[in-house]
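Residue numbers (the numbering used here), protein chains in the order written: chain A, 1 to 328; chain B, 329 to 518; chain C, 519 to 957.
If you're looking for bench data, these hints aren't it; they were derived computationally from the structure. Backbone N, C-alpha and C fix where the C-beta goes; we use that ideal spot for every residue, glycine too. The reader is advised that the hints may include incorrect statements.
Unchecked claim - The following label-pair restraints were derived from C-beta to C-beta distances: (1) A/ALA233 - C/LEU738: 38 to 48 angstroms; (2) C/ARG788 - A/ALA287: 36 to 46 angstroms; (3) B/GLY497 - A/GLY156: 11 to 21 angstroms; (4) A/ASP11 - B/ASP498: 24 to 34 angstroms.
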Amino acid sequence: MRHLLSTRDLDLADAIRLLDVAEDMATVSTREVKKLPALRGKTVVNLFFENSTRTRISFEAAAKRLSADVINFSASGSSVAKGESLKDTAQTLAAMGADAVVLRHPSSGAPQSLADSGWIDAGVINAGDGTHEHPTQALLDAFTIRRRMHGAASRGTNLSGVAVTIVGDILHSRVARSNVWLLTTLGAQVTLVAPPTLMPVNMTAWPVEVEYDLDRSLLRTPPSVLMMLRVQAERMSGDFFPNTREYSRRWGLDDERLGRLPEDTIVMHPGPMNRGLEISAAAADSARSTVREQVTNGVSVRMAALYLLLAGERLSPPTPTSRMRATT
Amino acid sequence: MSARIVLQAADITRAVTRIAHEIVEANRGGDDLLLLGIPTRGVPLAQRLHAEIRRIEGSDAKAQVGALDVTLYRDDLGSNPTRTPHPTNMPLSIDGMTVVLVDDVLYSGRTIRAALDALSDLGRPRAVRLAVLVDRGHREFPIRADFVGKNLPSSSKERINVRLTEADGDEYVSIEGRAHGEAGTGDGSR
Amino acid sequence: MNDQTPFLIAGATLADGRRTDLLVADGLIAETGTGLSSTGARRIDADGLIALPGLVDLHTHLREPGFEPSETVLTGTRAAAAGGFTAVFAMANTSPVADTAGVVEQVHRLGQDAGYAYVQPIGAVTVGLEGRHLAELGAMASSRARVRVFSDDGHCVEDPLLMRRALEYVKSFGGVIAQHAQDSRLTVEAQMNEGQVSSDLGLAGWPAVAEESIIARDVLLAEHVGSRVHICHLSTAGSVDVVRWAKARGIAVTAEVTPHHLLLTEELVRSYDPKYKVNPPLRRAEDVEALRRGLADGTIDIVATDHAPHPVEAKDCEWAAAANGMVGLESALAVVQAAVVDTGGLDWADVARVLSAAPATIGGLTGFGHELTAGSPAELTLYDPNDPHEFTAADLAGRSGNSPYLDMQLPGRVRYTFHRGQPTLADGALREEGLVANG
Numbered sequence: 001m002r003h004l005l006s007t008r009d010l011d012l013a014d015a016i017r018l019l020d021v022a023e024d025m026a027t028v029s030t031r032e033v034k035k036l037p038a039l040r041g042k043t044v045v046n047l048f049f050e051n052s053t054r055t056r057i058s059f060e061a062a063a064k065r066l067s068a069d070v071i072n073f074s075a076s077g078s079s080v081a082k083g084e085s086l087k088d089t090a091q092t093l094a095a096m097g098a099d100a101v102v103l104r105h106p107s108s109g110a111p112q113s114l115a116d117s118g119w120i121d122a123g124v125i126n127a128g129d130g131t132h133e134h135p136t137q138a139l140l141d142a143f144t145i146r147r148r149m150h151g152a153a154s155r156g157t158n159l160s161g162v163a164v165t166i167v168g169d170i171l172h173s174r175v176a177r178s179n180v181w182l183l184t185t186l187g188a189q190v191t192l193v194a195p196p197t198l199m200p201v202n203m204t205a206w207p208v209e210v211e212y213d214l215d216r217s218l219l220r221t222p223p224s225v226l227m228m229l230r231v232q233a234e235r236m237s238g239d240f241f242p243n244t245r246e247y248s249r250r251w252g253l254d255d256e257r258l259g260r261l262p263e264d265t266i267v268m269h270p271g272p273m274n275r276g277l278e279i280s281a282a283a284a285d286s287a288r289s290t291v292r293e294q295v296t297n298g299v300s301v302r303m304a305a306l307y308l309l310l311a312g313e314r315l316s317p318p319t320p321t322s323r324m325r326a327t328t
Numbered sequence: 329m330s331a332r333i334v335l336q337a338a339d340i341t342r343a344v345t346r347i348a349h350e351i352v353e354a355n356r357g358g359d360d361l362l363l364l365g366i367p368t369r370g371v372p373l374a375q376r377l378h379a380e381i382r383r384i385e386g387s388d389a390k391a392q393v394g395a396l397d398v399t400l401y402r403d404d405l406g407s408n409p410t411r412t413p414h415p416t417n418m419p420l421s422i423d424g425m426t427v428v429l430v431d432d433v434l435y436s437g438r439t440i441r442a443a444l445d446a447l448s449d450l451g452r453p454r455a456v457r458l459a460v461l462v463d464r465g466h467r468e469f470p471i472r473a474d475f476v477g478k479n480l481p482s483s484s485k486e487r488i489n490v491r492l493t494e495a496d497g498d499e500y501v502s503i504e505g506r507a508h509g510e511a512g513t514g515d516g517s518r
Numbered sequence: 519m520n521d522q523t524p525f526l527i528a529g530a531t532l533a534d535g536r537r538t539d540l541l542v543a544d545g546l547i548a549e550t551g552t553g554l555s556s557t558g559a560r561r562i563d564a565d566g567l568i569a570l571p572g573l574v575d576l577h578t579h580l581r582e583p584g585f586e587p588s589e590t591v592l593t594g595t596r597a598a599a600a601g602g603f604t605a606v607f608a609m610a611n612t613s614p615v616a617d618t619a620g621v622v623e624q625v626h627r628l629g630q631d632a633g634y635a636y637v638q639p640i641g642a643v644t645v646g647l648e649g650r651h652l653a654e655l656g657a658m659a660s661s662r663a664r665v666r667v668f669s670d671d672g673h674c675v676e677d678p679l680l681m682r683r684a685l686e687y688v689k690s691f692g693g694v695i696a697q698h699a700q701d702s703r704l705t706v707e708a709q710m711n712e713g714q715v716s717s718d719l720g721l722a723g724w725p726a727v728a729e730e731s732i733i734a735r736d737v738l739l740a741e742h743v744g745s746r747v748h749i750c751h752l753s754t755a756g757s758v759d760v761v762r763w764a765k766a767r768g769i770a771v772t773a774e775v776t777p778h779h780l781l782l783t784e785e786l787v788r789s790y791d792p793k794y795k796v797n798p799p800l801r802r803a804e805d806v807e808a809l810r811r812g813l814a815d816g817t818i819d820i821v822a823t824d825h826a827p828h829p830v831e832a833k834d835c836e837w838a839a840a841a842n843g844m845v846g847l848e849s850a851l852a853v854v855q856a857a858v859v860d861t862g863g864l865d866w867a868d869v870a871r872v873l874s875a876a877p878a879t880i881g882g883l884t885g886f887g888h889e890l891t892a893g894s895p896a897e898l899t900l901y902d903p904n905d906p907h908e909f910t911a912a913d914l915a916g917r918s919g920n921s922p923y924l925d926m927q928l929p930g931r932v933r934y935t936f937h938r939g940q941p942t943l944a945d946g947a948l949r950e951e952g953l954v955a956n957g
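The whole structure should be built from the sequences, with the hints applied where relevant.
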């Protein structure tokens, strides 16, 4: 694996391999010595053009447990404000000898640009790009679901027969996109529920069921997994829905809906949660909730991704693409 | 390229039985004994040794068996295609135990070095021993096996193939000459 | 000092398919016919070459004044000559904006000095392209630059009342408003065509309706006030339908399409490679089909390049940070051949119309777009339609390299361009400055 840019690029074998290696990594995380020497001497740069302490520390813990050196480069608010571009930053990191760049960026496609550009010859892990994808979040979600379904016998299993309902701002959600591709590749049946204003305009090529009414969806397709997405503050003022009260009433997981869920349905949230808006406190804290497991599993999954990206011999980089040429 | 069989299935069985007796004797019984197979073929070998030791020891046998994957401790990760780790399976804490590492072929000693590193991250065994089915020489580390099924002096140009029923469906050890520059492939070919 | 030796172009194929020799002398096509004597003239063997009236581009960004690192009038007109163009209309979004007589006269003068193509400035519709107050349209019209086309291109004239006034006002001097049709509220932070691909890529969408609704409004406004309106870079099937409806209704609307919208689709954006970022964005294959049909049936009047040079740093970055635009002058004719000639939609007479005669007419430009008959100005292009080749950076003659066609296979090549009776491009190579008919 040269880069991890999108779950859409992963086939079933890739996906299961990542999840299985994550199981091995999870074993290490339960030991007293939580460190492995596998990436000794490698340098992992966490390059964050958006603030996300949770994702950054998860990658940081993952890299450190594999004995990599970690450099945190927070470009939001500082260098970017001074006009530092992704290209300049990437070239700086290349000069520092980065072996992998974990990139969080507000622009969709920025990790792919970094991987294709020839600015830097490092493996690139997409840690969330704009409204595009967030592959390690989807991997940790899949890992969490698989563990809840299969427990200790998770290795090698897929998610066939699992019904996952994802509720919320699908249009702007990189978590939803990555989960759609990964979970369906793993054999799960995915239903997306959102107000029409927060649904992409054309989803004909997505292997999912689309539903606007949460209650009808829960009735028609009782989910094994109910994943609630965060309502971003900027959507609240964009006239995507009248107000948060109406959103909460129609698309929130309140106590009443929680009570109607099948007994073994698990409740997921990528965090951070707006308690009382898209998810009630009772739902967030119930035994069904996997919110804390998701955080723990995030480290294992990211260890697996870093290991698979960095441990093997480095294949010769693709020839620099002909993105741009100056004529004079 | 010609392959010559050096151990038949019956030879392998005899070697395992003999090693089991030697382990019990050296350890003065099965107490605090943990056999750790190194994937891939060390794992079935360890299980066979464990079964044999239980048979020798009888119903109150205490020897334990597990698997120790060393992939993440190897020093050659960067010069090979990415290796997928195998599960490590520890029945109990290794503190104070006598650990016997079990592998199919002892060659450079690098796998065992990685295993020793892995063990030290898991705890502090009282002693660590090494049992191998075949020792073919060419050590690159000051490592020596305590229990050896068969010493098989070989040229580094030759290849040793270990086939075990559990992993391969058939069972023998062969040695084959190798054309110059031809690379070994896969587990069991050392 | 220009070399005034006549040229005999031997055995060229005219747009209508007839073969002829063309004698070029004293800035005119002196004589046509077969077996013309080449005595005293330089002979150009035009066997297999198509002779077209010099191409006219109604939509070029020359970037001067203000953005000289991207392009200048000189480098942009060299790119034009390399692409077979003899006249270009220079868009107004320079810095300062071409919203006064002074700026348009300066650009016009720079074109004369360069000598590679006639530069006809376009004036801004509103002061500073800000969409608030009309620019000095009359002053620009009566300046030495003789401006007839006005456009805020890059920005839409969104205020319907201001658009109405502009459409009415230019009637007094036979002007036309060229509208960049884009509803800004429907395209906030838009990055690409809104549809299936934007859904996958998580890029903010630029919906077709944002273009179509403005075109619908403007053709109705033009009808109401009895004015002429020109629609820049039509890009959607719906826009073609709206223009077709308007023409059927007798409304004086003309429309253009770019070469890239005739050939490329939004699928290319999946690479996130900013060389495919352009405004309006690349659309669906269905739109490309509709645009080709619209051009073939006359709904769309012309092809115009929207040549938009950008410096390397504006494209060598992540998608959202990249500038919109593609250079297009050098590749236009070959792309048109690939998109609509080789596919059977247009013949070469149609190409002469949509890339020369019609844009000259819409822009009120005399001396261009004439059929190649004796006595007409020697503005012409010799094109080899049977020279398939990989388009490379070496084929670009302007200052910027942001072409989407690099590494693509194109079917033909411009061999000669004649402007004011002199070659600006000879045997595929630009003539040196000083040898072209400047001044």
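These are the hints, each one checked on the structure:
1. The hinted window of 38 to 48 angstroms between A/ALA233 and C/LEU738 holds, with their beta carbons roughly 40 angstroms apart.
2. For the pair C/ARG788 and A/ALA287, the supplied restraint of 36 to 46 angstroms holds, since their beta-carbon distance comes to about 42 angstroms.
3. Between B/GLY497 and A/GLY156 the C-beta distance comes to about 20 angstroms, which sits within the given range of 11 to 21 angstroms.
4. Checked against the given bound of 24 to 34 angstroms, the beta carbons of A/ASP11 and B/ASP498, roughly 32 angstroms apart, stay inside it.
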